[in-house]
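Chain residues, written in single-letter form:
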Amino acid sequence: MEVDSPEEFKKHTRSYLWVFAALMVFTVITVWAASWKVALPAAVVIALCIAGVKGGLVAAFFMHLKGERPLITYCLLMTMIFFFGLIFLPLMMLLLTMSGNAG
Amino acid sequence: MSVVIPYIEEPRPDTGLTLAKLGVWLFLASEVMLFGALFSSYIFLRVGNPDWQTFAYGQADPAEFHAGGHDSHGEDTEGNEAHAHHDDHAHSEGHSSDRSREAVGTPMASSVPLALLNTIVLISSSVTVVLAWASLVLKQFGRFRLYFFITLLCAFAFLVVKYIEYTAKFEHGLLPSLSPLMALYFTMTGLHGLHVIGGIIVIGYLLGPGAKMWKTNPVQYTGRVEATGLYWHFVDLVWIFLFPIFYLM
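From first to last, the protein sequence lines stand for chains A and B.
Under our numbering, the final residue of the first sequence carries the number 179; numbering is consecutive throughout.
Under our numbering, the final residue of the second sequence carries the number 255; numbering is consecutive throughout.
Since no wrong hints were added, every one of them can be taken at face value.
One-sided and incomplete, this derived list gives chain A residues near chain B with beta-carbon spacing under 8 Å:
1. Phe85
2. Thr89
3. Thr103
4. Ala123
5. Gly131
6. Leu147
7. Leu152
8. Leu162
9. Leu167
Below, simulated SDA-like cross-link-like pairs (lysine to any residue); rule was C-alpha separation at most 20 Å, straight line:
10. A/Lys142 - A/Val95
11. A/Lys142 - A/Met154
12. A/Lys86 - A/Leu141
13. B/Lys168 - B/His178
14. B/Lys168 - B/Phe247
15. A/Lys86 - B/Gly148
16. A/Lys86 - A/Ala97
17. A/Lys86 - B/Phe147
18. B/Lys168 - B/Leu181
19. A/Lys113 - B/Ala109
20. B/Lys221 - B/Leu144
21. A/Lys86 - B/Gly229
22. A/Lys87 - B/Phe147
23. A/Lys86 - B/Ser141
24. B/Lys168 - B/Pro119
25. A/Lys142 - B/Gly29
26. A/Lys142 - B/Tyr237
27. B/Lys145 - A/Pro82
Just so you know, these hints were derived from the structure itself, not from any lab.
Small disclaimer: the values here were computed from a predicted structure and weren't measured.
In this text, a Cβ means the ideal position worked out from N, Cα and C, and glycines have one as well.
Only chain B is shown next, with the shape it has when bound in the complex (with noise of 0.2 Å):
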């Protein structure tokens, strides 16, 4: 005996919503309180440690990590070397008592041409599933693959460059152990990264053998990707909130 699950494809009458998309949307809610108390947890352990050098080095030394004017990403480019040569100069300056953030520096100055590039990468994706699923909508098929591959690639991208972060980051003793900033960082940008790889799965079987729904239930199939889309957009949404803190600020 087989169960049907009531309004997959039609909208409840009372609600005006697919049971599928209200459960995305709860379920968008809950990640909303989830990434919240990490960003809470940030902002406690920030105003916490007015001592930048405290809260960013721990107990090291920043010029250990500012070392021969480079720091993850030394040779990369020019505006990069430019930044960590800054760093450098005005730890120099700030050796003996000022410990704030322009002082002392920050360990991540060398990764900000990476996240902005990451930046980029997802907002990017974020515009090709909007108008993959727009092309279902217009029963355009081919098309609707071509967007939704390349989301696909930038996801795969952005973890590309992520593990070069990463990679560059234990390279130079930057650990999660080191300070309360490198403790969130990894913990924060990690969740964000597992995010992505979960929507690689799911994008991964819409394109391969999901996409066979759309020949036998088209209607069912577009309400999967617009909830696959709701979910990438709010990856992408963490990431723009994640950018500026960790990188910037």
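This is chain A alone, in the form it adopts within the complex (with noise of 0.2 Å):
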């Protein structure tokens, strides 16, 4: 991250209180969430959307991702891609076989 004057940085360092603050909120709504009466899958959606806004919240802000040299963005760019690649390629196998096996 690229270091400002002390007085713009000391500015920096106050929204890491917000962003605390915004983490904690959130971590209420996601258990105030899991008490809703909702199907699974939605269920499911809730949660992850949640922690992805806080996941997101904690790089970009606490992991300076929001002003950070592009090389790291391209890098973690490319694991994302893979990333998913790793959850969703199996879970298609398996939704393929299991349609395979009800047909």
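Got two chains here, each in a separate frame; can you build the complex from them with the hints?
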């Protein structure tokens, strides 16, 4: 992260406290949302969306990804592509097998 | 003859990054894939086991783990008891045919307050570690030590809470061999716990013997603290996803 003047930097550090407060609020929302009477797929999507927002806040502000160099962004972009491949390929195979068995 | 490693303090002109920082980010990318494989396993096993009772309890009878109106932490809080009671009630209603999560309950129900506490502890440690780094940038070493020490305390607190949770699980026969859910739970939270221990070692070193570097080479020391902070935020990030997956769904 680029370090600005001390005054600017102090302002910047205050944003960490706001992010901290937001993370706490989202944690409460996560627990509250778990009590909603919704179907499992919807519950999974809701929980992962909230976790995604929290994770995004940590990465963007605490890990300073928001103003990071492009090389790191490219590396992480590649990682995310492989990560989603890792998640969805076995899942697709399983769903195809299940639909094949059902047919 | 000493070997000088270039671009440890000043960024490389072409990337704009120090080698240490780029190295940590590449390490974290490999960690994403490590945990990604385990998250993928979780989804695979969960979707492949539409019967929640088998997924969560294997061949065992869920009633064994909810007997007496309490499970892992029976009497600790009112809400906890209520949750366990709800599971018992639900279980008795759906004993014969309904094997869904709502009907048979979950072995994780009573651990939710502890897991929530650990979430708060880890998020707090994440903010203290970034404030510790910011203090170093502002040349406030005393304040840095305070924030870094609080981070270390939070890391220990996380492990103590985890120990309490694991002990209760073992006492009630909720072992990794019980079911796919318990196997995944112990593998993923155990691996995460090992990462917390790794963080404790590094933070402890930088607070203790490693702190001498602040006097001799403050730029490199700040870089080390920043890299440690990145790792620690990743540990927090993994927990943010583990919490809903194991305790709330």
